[in-house]
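Novice: Residues per chain are reported as follows:
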Amino acid sequence: MTYLKPSFRHPALPKNKVGFTKVDYEGAISTLCAGCGHDSISGAIVQACFELSIEPHKIAKISGIGCSSKTPTYFLNNSHGFNSVHGRMPSITTGANMANRDLIYLGISGDGDTASIGMGQFVHAMRRNLNLVYIVMNNGCYGLTKGQDSATADFGSVSKAGKSPSPFPAIDLAGLAMEMGVTFAARSFSGDKQQLIPLIKAAMSHTGFAIIDCISPCVTFNNNQGSTKSYDFVRDHIEATSELDFVPERKEITVQYEEGRTINVTLHDGSFVHLRKLAPNWDPTNRRIAMDGLQQAKNKGEIITGLIYIDPDSKCLHEILDTVKTPLNSLKEADLCPGSEALEVINAGMR
Amino acid sequence: MKPRKVNDMVIRFANVNGTGSASANDMFAKAVFRMGIPVSPKNIFPSNIQGLPTWFEMRISEKGYLGRRAEIDLMVGVNPATLIQDIASIHPGGYLVYDSSKLHHTEHVREDIHYIGIPMMQMCMEHYDDPRQQQLFKNIVYVGALVALLNMEMEVVKNIVRELFATKEKLIPPNFKALYLGFDYAKNNYDCPIGVCVKRINKIGDKIMMEGNAAIAIGAVYGGATVMAWYPITPSTSVAKAYETYCKKLRIEPESGKKKYAFLQAEDELAAIGMVIGAAWNGARAFTATSGPGISLMSEFIGLAYFAEIPAVIVNVQRGGPSTGMPTRTQQPDILSTAYASHGDTKHMLLFPRSPAECFEMAAQAFDLADRFQTPVFIMSDLDLGMNNHLSPPLKWDDSRKYDIGKLMSAEDLEIKEFGRYLDVDGDGICYRTIPGTHPTKGAFFTRGTSRNEYAKYTENGEDYVSMVNRILKKWETAKNYVPGPEFYQKSSKSTQGIIFFGTTTDAALEAIDILKEQGIEFDSMRVRAFPFNQEVKDFIHAHEEVFVVEQNRDAQFRSLLINELELNPAKLTPVLNYDGMPITANFITQLITKKVAVS
Ligand SMILES: Cc1ncc(C[n+]2csc(CCOP(=O)(O)OP(=O)(O)O)c2C)c(N)n1
Ligand code: SF4
Ligand SMILES: [Mg+2]
Chain A
1 MTYLKPSFRH PALPKNKVGF TKVDYEGAIS TLCAGCGHDS ISGAIVQACF ELSIEPHKIA
61 KISGIGCSSK TPTYFLNNSH GFNSVHGRMP SITTGANMAN RDLIYLGISG DGDTASIGMG
121 QFVHAMRRNL NLVYIVMNNG CYGLTKGQDS ATADFGSVSK AGKSPSPFPA IDLAGLAMEM
181 GVTFAARSFS GDKQQLIPLI KAAMSHTGFA IIDCISPCVT FNNNQGSTKS YDFVRDHIEA
241 TSELDFVPER KEITVQYEEG RTINVTLHDG SFVHLRKLAP NWDPTNRRIA MDGLQQAKNK
301 GEIITGLIYI DPDSKCLHEI LDTVKTPLNS LKEADLCPGS EALEVINAGM R
Chain B
1 MKPRKVNDMV IRFANVNGTG SASANDMFAK AVFRMGIPVS PKNIFPSNIQ GLPTWFEMRI
61 SEKGYLGRRA EIDLMVGVNP ATLIQDIASI HPGGYLVYDS SKLHHTEHVR EDIHYIGIPM
121 MQMCMEHYDD PRQQQLFKNI VYVGALVALL NMEMEVVKNI VRELFATKEK LIPPNFKALY
181 LGFDYAKNNY DCPIGVCVKR INKIGDKIMM EGNAAIAIGA VYGGATVMAW YPITPSTSVA
241 KAYETYCKKL RIEPESGKKK YAFLQAEDEL AAIGMVIGAA WNGARAFTAT SGPGISLMSE
301 FIGLAYFAEI PAVIVNVQRG GPSTGMPTRT QQPDILSTAY ASHGDTKHML LFPRSPAECF
361 EMAAQAFDLA DRFQTPVFIM SDLDLGMNNH LSPPLKWDDS RKYDIGKLMS AEDLEIKEFG
421 RYLDVDGDGI CYRTIPGTHP TKGAFFTRGT SRNEYAKYTE NGEDYVSMVN RILKKWETAK
481 NYVPGPEFYQ KSSKSTQGII FFGTTTDAAL EAIDILKEQG IEFDSMRVRA FPFNQEVKDF
541 IHAHEEVFVV EQNRDAQFRS LLINELELNP AKLTPVLNYD GMPITANFIT QLITKKVAVS
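The listed protein sequences derive, respectively, from chains A and B.
All letters in the first sequence, in the order written, are residues 1 to 351 by our numbering.
All letters in the second sequence, in the order written, are residues 1 to 600 by our numbering.
In short, the hints are calculated from the structure, not lab data.
Don't take every hint at face value.
[Stated by the list, open to error] Per the computed footprint, the stretches of chain A lying under chain B, defined by three or more beta-carbons under 8 Å from a beta-carbon of chain B, are:
1. 54-61
2. 115-126
[Stated by the list, open to error] For each label pair, taking beta carbons as the anchor points, the in silico distance ranges come out as:
3. B:V425 - A:E333: 20 to 28 Å
4. A:E333 - B:E487: 27 to 35 Å
5. A:D313 - B:E415: 37 to 45 Å
All figures in this text were calculated on a predicted structure; none of them were measured in a lab.
Here a beta-carbon is modelled for each residue, glycine too, at the ideal position from N, C-alpha and C.
Please build the complete structure, drawing on both the sequences and the hints.
Specialist: Dropping the structure here:
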């Protein structure tokens, strides 16, 4: 069953720079459980895209399978979407990106979709620095198949379905990404829109692979006591690395911050990420410091959030492959077919 | 004077893998080709990089029969490890050319064959210092000896050497020297030519000699493929390699030096097909090349492309199965697993090329079919066609040809026409699609592998589902008139008996028909070129009382496909099956058929 939202629009709804209202970035009404963290992330995506003033058709939203992977139906109705197969969003996106380098690719996945069945594709897309925003809606369980533990369930965490605590160590997706040499790594929480929205904006402006490992409680199967992915547990253990603002291109930074406490990172498109550090030694442009920080937080039992690492000068897959600037999908026969004369030369070489 | 077989023989070279024999053998085959004589070389190689036995077999046939023939007239036996077996396989009256540097054992002696010893290694040791060169030039020495023994034109061979080393000129004189070491020794010690020999004729015309895999790759370049994703697997790897090679020559933007293609080695076949589907969904022509194990892995995604209606071109260069099977031997064992790949009700278009020229043509055509029907299209080649050089008509391209991109709506179309992704507007089962980025507010839809209605909205309504899958079947019906039809080898049916074949069984089947005709048994024949089968295929079978189906697998899969799809009486179709991994021969077919005809 599909729920369609009433299309009534208030005439006074504010428009963004490209003439769209926020409604233009919304999707169908969600069919997820009320209170599901995933819906909050959808909301953050809508807000980020609206504020960034991206024309909706310049975004392609691609997902795997799971409750999380269903969410692209619930945002960006005017963007093409692709709900592919379980764990394979990265390969679909790689192909799509090869075909047209000019769109923004928003990949949505779950922790089951990424950390189990899709682990291979996840790390390889990262290794190639595919220009993709990869959001993992991480609830530590398989929501859609009714709550089994996923590979991101923390050791000792208890879900509603699991009678006993998880006996295996968790895969830390942000940590793994760092290990893989990812060029943009962030962790966030579905309940912290203030942090999530600028992170999504920064990820969309980053050229290369940007992972946001977003903790997103499953209210139905993994929000109970004993779970380390419940709203309560996460709120109690969250530790932000920094507060961040995303500053679009050419906008002046007006607020002044205390010397040594702020970092500005300029992205490819001229925009900035402006960070107010909360921990004095934190530096998200230094991979080693970022990895140390992750490890230390883990030892302390903290869930570290915010922008963990960014390499704003990285080369994305198209640059590595050295493809033409024109999107490959817009090349025509004349650009592609060498013609009969060239074929005669080939034939001659076969005699 | 002894009677001689001219331009009609089978030569087999028994070598050790990784010793440089391949290029010497190719040189020899090319020389025969350049003397105007039809030749079909076949590599019989191990799944190994160095050390295991490998054979190179060449049929030379003035009549132009290119299928394999099993009776070996001349064996160049330079692999001590297989020598006993190689000697045993020589046809009575045939020849063994061997390295007489070392003494031979009594078990090597057969009364009914001729022995031609050439001290290959000994001569190389005398004339070259570097051990690697001694090894390599041994191969050239036997080529030189064959030039004398078979009465070939030395100048032709020398020209090939000159071309081969055009950029490394200093290698030409030592190669010539090796050629003459063999040539002179044979001339001085044997009565040349021997009982089999070659003679220049003019049976080649404008034909070319190349591998099917390269032809497919060139077809993909001409067909406009811009994205190629793949994972290495024999015997398909050279499709990818060739695509990259030809793109580097033909697809570089002159102003920038940048590439008008994306070539990506994926982490596995799942990713390779995912990339192809993602690219095609986004409006690029994309393809992958694989073999049986890869098809198995791709199956989930193939079903997605079928159901979500996304174009994809997949080259299946088949090899012996099941499992890892016989990875370096040929078969046609994936007919059913490809035709019905993936779970649920699925069926896929298959194209069956028989020659490099057709590999080229069908590869280019596959992209048109995939776009028009918004579905996966498979090119069903095999190891024999893909990795061996084949005599073939030249590759042809009509410059007025336009790509058929099918029903793709532009921004302007969206302004004036209603869009429903799965609306059957034209009644042919094919709907209009849009690609991402087309229009700011129109034409966006959600692609999914789950059931949906005509406007691409998720539904679990049974009626909607049934009308959707039935509409996809209608598309299948439409496709029957678009895929290449069968080829017939008679003007009209003359016999009550027919033979059906496809792909690489063609050469042997056509030769078998000639042999049977000489024996007074007349057959009508049909080469099927595509699945779905069209009306002509059906009519042919109905017009004959008994039909033989020639194929290279154990279970008569093509026959099953015919029976299943055309609702035929199985008793009418008699299987002729070769599945030992070696290309089928005409004698094999005739023997089986005459036996069956005699029984009935
Ligand atoms: C090949 C395959 N195996 C299994 C499934 C069943 N399946 C659907 S969703 C899912 C797990 C999803 O978990 P996650 O990615 O964490 O998403 P969530 O529902 O938790 O958001 C599984 C195993 C499937 N769709 N495909
Ligand atoms: S089952 Fe869990 S993850 Fe799925 S929609 Fe419900 S709350 Fe969300
Ligand atoms: Mg989950």
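Novice: Honestly, do E333 (chain A) and E487 (chain B) meet the 27 to 35 Å range at C-beta?
Specialist: With Cβ atoms ~28 Å apart, the hint holds.
Novice: Please test the hint of 20 to 28 Å on the beta carbon pair from V425 (chain B) and E333 (chain A).
Specialist: 26 Å, holds
Novice: Using a Cβ cutoff of 8 Å, are there at least 3 residues of the region 115-126 of chain A near chain B, or does the coverage claim fail?
Specialist: holds (count 3)
Novice: Count the residues of the region 54-61 of chain A with a beta-carbon closer than 8 Å to any beta-carbon of chain B: does the count reach three?
Specialist: holds (count 5)
Novice: Do the Cβ positions of D313 (chain A) and E415 (chain B) conform to the proposed distance bound of 37 to 45 Å?
Specialist: The hinted range 37 to 45 Å holds for D313 (chain A) and E415 (chain B), with Cβ atoms some 41 Å apart.
Comparing the model with each numbered hint stated earlier shows that all of them hold.
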